[in-house]
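2 protein chains.
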Amino acid sequence: MPGPTALNFSEATSHDMFAQRLPQSKDDSLPQVLAAAVTHLHALIRELRPTQADWRKVIEFLTDVGHASDERRQEWVLLSDLLGASALVEEINSRRPKTATPNTVRGPFFRADVPQLPLGGNISLDGIGETLDVFGRVQDLDGDPIANAEIITWQANAQGFYENQQPDLQPEFNLRGCFRTDTDGRFHYRTIKPCGYGVPDDGPVGKLLRQAGYPLCRPAHLHFMIKAPEFETVTTHIYDGSDPHLAEDAIFAVKPELVRTFEQQGKGWLLKLTFIMVRARRGAGT
Amino acid sequence: MPGPTALNFSEATSHDMFAQRLPQSKDDSLPQVLAAAVTHLHALIRELRPTQADWRKVIEFLTDVGHASDERRQEWVLLSDLLGASALVEEINSRRPKTATPNTVRGPFFRADVPQLPLGGNISLDGIGETLDVFGRVQDLDGDPIANAEIITWQANAQGFYENQQPDLQPEFNLRGCFRTDTDGRFHYRTIKPCGYGVPDDGPVGKLLRQAGYPLCRPAHLHFMIKAPEFETVTTHIYDGSDPHLAEDAIFAVKPELVRTFEQQGKGWLLKLTFIMVRARRGAGT
Numbered sequence: 001m002p003g004p005t006a007l008n009f010s011e012a013t014s015h016d017m018f019a020q021r022l023p024q025s026k027d028d029s030l031p032q033v034l035a036a037a038v039t040h041l042h043a044l045i046r047e048l049r050p051t052q053a054d055w056r057k058v059i060e061f062l063t064d065v066g067h068a069s070d071e072r073r074q075e076w077v078l079l080s081d082l083l084g085a086s087a088l089v090e091e092i093n094s095r096r097p098k099t100a101t102p103n104t105v106r107g108p109f110f111r112a113d114v115p116q117l118p119l120g121g122n123i124s125l126d127g128i129g130e131t132l133d134v135f136g137r138v139q140d141l142d143g144d145p146i147a148n149a150e151i152i153t154w155q156a157n158a159q160g161f162y163e164n165q166q167p168d169l170q171p172e173f174n175l176r177g178c179f180r181t182d183t184d185g186r187f188h189y190r191t192i193k194p195c196g197y198g199v200p201d202d203g204p205v206g207k208l209l210r211q212a213g214y215p216l217c218r219p220a221h222l223h224f225m226i227k228a229p230e231f232e233t234v235t236t237h238i239y240d241g242s243d244p245h246l247a248e249d250a251i252f253a254v255k256p257e258l259v260r261t262f263e264q265q266g267k268g269w270l271l272k273l274t275f276i277m278v279r280a281r282r283g284a285g286t
Numbered sequence: 001m002p003g004p005t006a007l008n009f010s011e012a013t014s015h016d017m018f019a020q021r022l023p024q025s026k027d028d029s030l031p032q033v034l035a036a037a038v039t040h041l042h043a044l045i046r047e048l049r050p051t052q053a054d055w056r057k058v059i060e061f062l063t064d065v066g067h068a069s070d071e072r073r074q075e076w077v078l079l080s081d082l083l084g085a086s087a088l089v090e091e092i093n094s095r096r097p098k099t100a101t102p103n104t105v106r107g108p109f110f111r112a113d114v115p116q117l118p119l120g121g122n123i124s125l126d127g128i129g130e131t132l133d134v135f136g137r138v139q140d141l142d143g144d145p146i147a148n149a150e151i152i153t154w155q156a157n158a159q160g161f162y163e164n165q166q167p168d169l170q171p172e173f174n175l176r177g178c179f180r181t182d183t184d185g186r187f188h189y190r191t192i193k194p195c196g197y198g199v200p201d202d203g204p205v206g207k208l209l210r211q212a213g214y215p216l217c218r219p220a221h222l223h224f225m226i227k228a229p230e231f232e233t234v235t236t237h238i239y240d241g242s243d244p245h246l247a248e249d250a251i252f253a254v255k256p257e258l259v260r261t262f263e264q265q266g267k268g269w270l271l272k273l274t275f276i277m278v279r280a281r282r283g284a285g286t
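Chains as they are written, first to last, in full-length UniProt numbering: chain A, 1 to 286; chain B, 1 to 286.
Simulated from the structure, these hints should not be mistaken for lab results.
Check each hint, because a few of them may be wrong.
You can't tell identical chains apart in this list, so a pair holds if it fits in one copy or across any two.
Stated by the list, open to error - Pairs of lysine-lysine, DSS-like flavour, derived with a Cα cap of 27 Å:
1) Lys207 to Lys57
2) Lys227 to Lys193
3) Lys57 to Lys227
4) Lys267 to Lys57
5) Lys193 to Lys57
6) Lys193 to Lys272
Using the sequences plus the hints, can you model the full thing?
Rendered as structure tokens:
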């Protein structure tokens, strides 16, 4: 039988005992990541002092979140977003010059398989809502146009729902589109004015946060992902400056630089945008 | 548009911004639990400084763990066990007198629906392995017998696998049984000598920890859950004192009080046990 110190698991030693079993190589980051995660996890457990029944509830919650995630719904991204983790990761990695368009959280409703449309196309496939004409330009830090940049946009409808939340009510790919900028870096398309919305609270993550009294609203916005060779990909939102909930965005994704005025134009609306991209450093991921 | 401070999300403020949105009531523990969890989560992110791609790997890992969990397999319990979280929760809640049998981690292979057998029954349904006769007594702190206590036992086979890991190779309920102590608090049953084993590494949790170089062995043991009215339920392991891996149990569940000598007896083995239970405090969960 081993000596008593080898079995000396206690509140004071638990995280060190875990770390000591990992290889001490400095070349491999995974053991360091695990050791850091376990240190914080054990500190949290010592602080909260859950009973076994409490801990089983934590396991049940994680199990429910896992079962609520599928191809259509990414409940883990929602959890990361609502706990401010996604925004913090963006913040840590946002080292762009002040004049460049900042990134913000991608959110759980992105789809990569969106069809490409000609400039001027209408992404509102059901025609429901107040029309919005979007005119944009993509340029570099010097103001020079970026031609053939790929613009992927997605947004909620006038009731605040994305098409993948309402597969039976909205046409597939409703309010999603992919465009290419022209030689002058310009793009335009037609859509409808999006509505702000409550974050989905029909899954385990939304239910938990609502139960805790956490505000679950998102101000009205359009999503954009903009890719161009040799430039850092921009993944961002553009917010409607008239939305009353700008300061209490549930996922901490509002930045002053991303708020714009939607201009009234006859019965519809007009939005003018400029996206300013930064050249990718050599070897850096885009 | 709100003033700049309302949108002042930064590395320094992120966890406070989250906490400030929660109700400040002291009666409700959920907001406090969430605020504490977010404080540690954000501190970990600040420490590790993941890229967006790193963070997507974390989300993918959680998604994989979720999808690997079903009625037969609880990958979250395995994760909690291997990160030492389950052992720490047990440690925090173990406030028994020194002479009482301590709890340890329940583990992911427990099944509640095990059939009840008469005393002396054989739980080895396939007869494979060296026979082991278990003779036990359940008593209180004064040494008085606890009659009609329920003993649920489960264990790995001689190759180190539980029946619910090998539904096609082992009979259902192989090496599981439920017994009742007699009027003298005694029970006995026949089984086979269990083998130590590697923690399952075919799922995302085992794969990750193996990749990190973490040792994944568990010394040979029997599991017991013992219930009796008015007593705290004992959920524990009994370890084979001759196992060479006692000091490096992957889930930190070995305690010196739970290590026993398996005595040779002809061609088979004999194990004598005493479980000492503590009266439950009024109103406390058992």
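Each hint, compared with the structure:
1. Lys207 to Lys57: both (14 Å within a copy, 25 Å between copies)
2. Lys227 to Lys193: within (24 Å within a copy, 62 Å between copies)
3. Lys57 to Lys227: between (42 Å within a copy, 21 Å between copies)
4. Lys267 to Lys57: So Lys267 and Lys57 fail the 27 Å test inside a copy (52 Å) and across (45 Å) alike.
5. Lys193 to Lys57: Neither, since 41 Å and 34 Å both go past 27 Å.
6. Lys193 to Lys272: within (13 Å within a copy, 75 Å between copies)
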